[in-house]
Amino acid sequence: MKKFTRRIVSLLLVLTFILGIIPFNISKAATDENKSEPLLFGYYRVWHDIKNGKTLEGRGPENGDPKGIQRMSDLPEELDVVFLFVAHIDDGLGFRKNPFWNKLPDYVNDLHKKNTKIVRTIDIGLVTNEISIPRDDYNEKINKFRSFPNNPSGHKALADLIYYEYVKRDGLDGLDIDMESSYLSPEKMNMSIGVINELYKLLKKDNKLFIFDTDKYGNTEIFQHTANKYDYVLYQSYREENLDDVFNTFKSKIPASKFVPGFSFYEEGTNMTGNYWRNLTDKSNWRNQRTYPEVPLEKTFAYKCAMWQPRNKADGLKGGVFAFAVERSGIKDGDNTYKLANYDVLKKIDGYLHQSHK
224 MKKFTRRIVS LLLVLTFILG IIPFNISKAA TDENKSEPLL FGYYRVWHDI
274 KNGKTLEGRG PENGDPKGIQ RMSDLPEELD VVFLFVAHID DGLGFRKNPF
324 WNKLPDYVND LHKKNTKIVR TIDIGLVTNE ISIPRDDYNE KINKFRSFPN
374 NPSGHKALAD LIYYEYVKRD GLDGLDIDME SSYLSPEKMN MSIGVINELY
424 KLLKKDNKLF IFDTDKYGNT EIFQHTANKY DYVLYQSYRE ENLDDVFNTF
474 KSKIPASKFV PGFSFYEEGT NMTGNYWRNL TDKSNWRNQR TYPEVPLEKT
524 FAYKCAMWQP RNKADGLKGG VFAFAVERSG IKDGDNTYKL ANYDVLKKID
574 GYLHQSHK
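Under my numbering, think of the first position of the sequence shown as 224, with each following residue one higher.
If you are wondering where the hints come from, they were derived from the structure by calculation, not from laboratory data. Where hints are given, some of them may not hold.
As a list, the in silico PhoX-like pairs of lysine-lysine whose alpha-carbon atoms are at most 20 angstroms apart [what the hints assert, rightly or not]:
(1) Lys439 / Lys379
(2) Lys522 / Lys474
(3) Lys336 / Lys320
(4) Lys571 / Lys522
(5) Lys340 / Lys411
(6) Lys562 / Lys527
(7) Lys536 / Lys474
(8) Lys571 / Lys536
(9) Lys452 / Lys527
(10) Lys439 / Lys411
(11) Lys474 / Lys411
(12) Lys428 / Lys391
Pair by pair, the computed Cβ-Cβ distance ranges are [to be verified]:
(13) Asn451 / Glu491: 22 to 30 angstroms
(14) Ser370 / Arg392: 15 to 23 angstroms
(15) Asn332 / Lys427: 23 to 31 angstroms
(16) Ser408 / Lys337: 14 to 22 angstroms
Ideal placement from N, C-alpha and C gives every residue a C-beta, glycine not left out.
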């Protein structure tokens, strides 16, 4: 009888222990997932790289060109994902003869050693078949296929070419579609949805990132139709809108963990254009374009962007934060000279980003 009683007691103790630890583990797992590490994204403007130039030697002061003094390999390890932003790369030598492309494999290798992924940004016009993929003497396929029918076979053919040309060819880690168009016609909408669906298949097959970045709210038609295809959605919040209001337009389609707001460093020469955002300075005197009042980083929109989390705690935590023109990190607003970046500012942003997830 005592043996039987002891066995029952022992059994109850074991069951109590098991039942006691199960909820703890489940709760911890849920918490860990909700607090997954945020990512720091950055757009690198390739035309400022020392290997982008009008000569085969590249550019930079030693080649009589003060603009190209940055090296992509100097980007800090704090960057989890860097975007190749190629909008103004010099193509005077022929698109793929630019020396940057010969240097890119080394840059990719250097950044991979820092555990940084490299993603290519393309314009939505490539997906809608409005913009032709550049011809060059490295890729005969581009010369043979210039237009694509707006049907499943055409969608697949264009997606195959985009994936090869902008991801696979250079051994990159993903693709980013930049969507800033105010309107897509029904034909372009159908084309873009079809191509995006095909790109998704190609990227997922090879475990690549698929990213959508935009300055439009989440109620745009193209996003509504393709939201479930993206790993991350980046919103260009340079205008310093209320981020909760912005996120509310996306949240019906993506969780907060896929939503990434962003800011911009000062782009040289933009103090007299519409692209001067003052995300790292004081905007109180924004009407006077000649003043650039310096303030502590903690009083800037860049800081607010890094620290922001959805107001509704049930929505979870954001996916990270991004910076445009990372190669201008640490360069004062209004300074239009070309100088090496000071990545200490970007590193501080990364610190605040991780602080926001605690």
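Taking the hints in turn, this is what the structure says about them:
1. For the hint pairing Lys439 with Lys379, the CA-to-CA distance comes to about 27 angstroms; that exceeds 20 angstroms, so the pair is violated.
2. Distance hint between Lys522 and Lys474 is unfulfilled; the C-alpha atoms sit about 28 angstroms from each other, more than 20 angstroms.
3. Straight-line distance between C-alpha atoms of Lys336 and Lys320 comes to about 26 angstroms, which puts the hinted pair past the 20 angstroms bound.
4. With a C-alpha separation of about 13 angstroms, the suggested pairing of Lys571 with Lys522 holds against the 20 angstroms cut-off.
5. Between Lys340 and Lys411 the CA atoms are separated by roughly 30 angstroms; this puts the pair beyond 20 angstroms, and the hint is violated.
6. With a C-alpha separation of about 26 angstroms, the suggested pairing of Lys562 with Lys527 is violated against the 20 angstroms cut-off.
7. Straight-line distance between C-alpha atoms of Lys536 and Lys474 comes to about 13 angstroms, which keeps the hinted pair within the 20 angstroms bound.
8. A C-alpha spacing of about 25 angstroms is found between Lys571 and Lys536, which places the hinted pair above 20 angstroms, so the restraint is violated.
9. A hinted pair counts as satisfied when its Cα atoms are at most 20 angstroms apart, and Lys452 with Lys527 does not qualify at roughly 28 angstroms.
10. Proposed proximity of Lys439 and Lys411 is supported: the alpha carbons are some 17 angstroms apart, at most 20 angstroms.
11. Simply put, Lys474 and Lys411 have alpha-carbon atoms about 25 angstroms apart, too far for the 20 angstroms limit, and the pair is violated.
12. This hinted pair checks out: Lys428 and Lys391 have alpha carbons roughly 12 angstroms apart, not beyond 20 angstroms.
13. At about 38 angstroms, the beta-carbon gap between Asn451 and Glu491 misses the expected band of 22 to 30 angstroms.
14. Distance hint for Ser370 and Arg392: a CB-CB separation of about 21 angstroms, consistent with the stated range 15 to 23 angstroms.
15. At about 24 angstroms, the beta-carbon gap between Asn332 and Lys427 stays in the expected band of 23 to 31 angstroms.
16. Roughly 42 angstroms separates the CB atoms of Ser408 and Lys337, a value that falls outside the hinted 14 to 22 angstroms.
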